[in-house]
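Letter by letter, the chains look like this.
2 protein chains.
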Amino acid sequence: MRSPEDPALGAMKPHWPSVAIVGVGLIGGSVGQALLARRLAGRVIGIGRDPQSLAEAARLGTVTETTTDLAAVSDADLVLVATAVGSIGGLLERIDAAVSPGTPITDAGSTKARIVSGWERHRRRRRGRFVGGHPLAGSHRRGPSAADGDLFAGRVTVVTPATATPAADVETIGGFWSALGSTVYVMPPREHDRLLAAASHAPHAVAVALAAATPAAARRFTAGGWRDTTRIAAGDPGLWADILLDNAAEVTRALARVGRVTARLQAALERRDRRAVEMLLVRAKEARDAVGS
Amino acid sequence: MRSPEDPALGAMKPHWPSVAIVGVGLIGGSVGQALLARRLAGRVIGIGRDPQSLAEAARLGTVTETTTDLAAVSDADLVLVATAVGSIGGLLERIDAAVSPGTPITDAGSTKARIVSGWERHRRRRRGRFVGGHPLAGSHRRGPSAADGDLFAGRVTVVTPATATPAADVETIGGFWSALGSTVYVMPPREHDRLLAAASHAPHAVAVALAAATPAAARRFTAGGWRDTTRIAAGDPGLWADILLDNAAEVTRALARVGRVTARLQAALERRDRRAVEMLLVRAKEARDAVGS
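Chains as they are written, first to last, in this note's numbering: chain U, 44 to 336; chain B, 44 to 336.
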């Protein structure tokens with residue numbers, strides 16, 4: 044893992060004459076806005092399937108031009124794929140067929156192993172230079188209107204090269220995410236997926252199970268605790284099914300870990316073991332307090 | 044269960060010349076502030092063990108006078124016990140020995156069956172008239188400085204009479220919580236504990252298990268999802284150990300229900316069953332959306 048203090052990342056202010064962003068929703072729109080606000084790019088080409096979303100992104104100034112034609116990536120000095128996890132692999136194939144040779148490409152998908160191995164499988168015939176990325180900056184809001192040029196400031200982006208990825212490509216893509224304001228960590232895709240299963244995907248599954256298991260009669264007696272604990276269960280079911288299935292092995296492993304702690308708490312409650320219950324609560328509080336609000 | 048639309052509750056504006064509040068933290072201080080702001084009480088006597096907390100409550104104007112002497116409840120027309128769940132039973136015994144005969148008494152504990160049955164065991168020799176209460180309004184903040192006179196406005200308070208409790212006592216205590224701005228539901232203590240296990244106590248246990256099960260290495264890769272889902276795990280371990288142990292049977296039952304849904308999700312992930320995963324996510328989203336932010 045590369046430390047974010049590495050002077051090679053983010054020390055210089057890079058500039059891309061033209062960046063293509065495929066998908067102009069929360070993440071894509073926020074990247075566009077950050078690129079323009081920070082004067083990191085001249086043109087930002089928003090590419091998508093939905094003319095209405097593209098028009099809204101243009102109106103909001105998150106991109107400088109829009110098109111529904113993926114072939115427009117041929118004009119770009121750097122391409123970002125900011126679409127749902129399930130669509131990224133297929134889009135990378137089509138983008139690679141259209142870019143100028145040597146064009147840096149990154150994505151913003153929440154899982155990395157499958158996307159990176161799909162790219163690597165045909166590394167020798169690739170035109171572009173892909174390095175996966177994952178900005179840990181989300182929102183329950185979606186679409187172009189949710190875009191926020193400060194979304195990445197002070198947040199973490201994980202960049203996930205394959206073993207064969209040249210160091211120069213990692214520098215380029217790390218520098219891109221770093222220039223948007225995020226702290227960049229570099230690690231193998233599998234390591235990313237293992238850590239994010241614990242930090243994001245299993246918590247989502249837990250929130251889903253809790254929300255689905257709450258009897259309707261109990262709903263009106265919920266307060267801040269239930270609302271916080273289940274908030275992410277309101278996320279898009281399709282997007283999250285993609286993520287959980289894409290990282291299923293690590294997610295089930297992380298869920299099993301949560302299940303073991305829950306079983307210990309349940310056993311301590313059943314035998315009315317105050318000391319054991321309180322020790323678990325103290326351990327959880329320490330973990331929670333270590334992260335901050 | 045009484046509907047909050049029942050005109051008998053909250054139709055008239057009641058007035059108590061003198062209310063004693065035992066415990067001047069978040070809940071006690073907020074009740075004092077609401078009573079004074081809404082001109083529902085003349086005197087609000089703050090009673091506690093810690094002179095510093097009492098002085099702070101007085102300085103903030105959440106009470107009109109303070110004392111460390113529990114015997115001061117003899118002056119009150121209504122007594123509220125707003126201390127930790129574990130201490131309420133013992134305090135009720137001491138308060139009952141000191142109040143004027145017929146004084147209404149309520150509490151704000153998060154569990155009700157044990158507190159109410161402790162009172163009922165000696166109903167025939169009681170001086171006061173106790174009806175348990177539970178305002179579903181919390182905060183991760185604590186102490187007199189967290190007090191907020193609007194804490195109960197638009198929130199739910201559950202009032203939990205025993206079978207032998209006279210209807211007039213339920214009206215009095217229901218009217219008290221209603222006058223503070225909350226919507227009052229009346230139900231038996233065991234029904235309260237069953238519903239709150241699902242709506243509050245099990246979610247707390249789930250957040251605790253998730254926070255405790257997250258490897259330290261994954262902490263820096265957490266974002267809004269993990270933070271929301273685990274927020275209540277930062278709550279006071281002593282207070283929550285009391286609550287979970289006091290309602291252990293219902294909490295373990297609610298946790299088992301969450302466990303069964305988690306197991307179904309895990310199984311669907313393991314067999315890569317997209318339809319089953321997405322159906323669970325849709326069901327959770329519907330439950331979450333039904334409650335609101």
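Since the hints were made in silico from the structure, they are not lab data.
Worth double-checking, as some hints may not be accurate.
For identical chains, the list gives no copy identity; a pair is met inside one copy or between any two copies.
[Claimed, not checked] As a list, the in silico DMTMM-like pairs of lysine to aspartate or glutamate whose alpha-carbon atoms are at most 20 angstroms apart:
hint, residue 1, residue 2
1, Lys328, Asp271
2, Lys56, Asp193
3, Lys328, Asp191
4, Lys328, Asp139
5, Lys328, Asp112
6, Lys56, Asp212
7, Lys56, Asp316
8, Lys56, Asp112
9, Lys328, Asp316
10, Lys56, Glu214
11, Lys56, Asp120
12, Lys328, Glu163
13, Lys56, Asp93
14, Lys328, Asp93
15, Lys328, Asp279
16, Lys56, Asp139
17, Lys328, Glu234
None of the values given here were measured: they were computed from a predicted structure.
Right, here's what the structure says about each hint:
no., hint, verdict
1, Lys328 x Asp271, "both (16 angstroms within a copy, 14 angstroms between copies)"
2, Lys56 x Asp193, "within (17 angstroms within a copy, 49 angstroms between copies)"
3, Lys328 x Asp191, "neither (32 angstroms within a copy, 25 angstroms between copies)"
4, Lys328 x Asp139, "neither (47 angstroms within a copy, 36 angstroms between copies)"
5, Lys328 x Asp112, "neither (50 angstroms within a copy, 34 angstroms between copies)"
6, Lys56 x Asp212, "within (16 angstroms within a copy, 72 angstroms between copies)"
7, Lys56 x Asp316, "neither (58 angstroms within a copy, 46 angstroms between copies)"
8, Lys56 x Asp112, "neither (30 angstroms within a copy, 67 angstroms between copies)"
9, Lys328 x Asp316, "within (19 angstroms within a copy, 35 angstroms between copies)"
10, Lys56 x Glu214, "within (13 angstroms within a copy, 69 angstroms between copies)"
11, Lys56 x Asp120, "within (16 angstroms within a copy, 70 angstroms between copies)"
12, Lys328 x Glu163, "neither (42 angstroms within a copy, 36 angstroms between copies)"
13, Lys56 x Asp93, "neither (33 angstroms within a copy, 57 angstroms between copies)"
14, Lys328 x Asp93, "neither (45 angstroms within a copy, 25 angstroms between copies)"
15, Lys328 x Asp279, "between (29 angstroms within a copy, 8 angstroms between copies)"
16, Lys56 x Asp139, "neither (26 angstroms within a copy, 72 angstroms between copies)"
17, Lys328 x Glu234, "neither (26 angstroms within a copy, 29 angstroms between copies)"
Checked against the numbered hints above, the structure breaks hints 3, 4, 5, 7, 8, 12, 13, 14, 16 and 17 and satisfies the rest.
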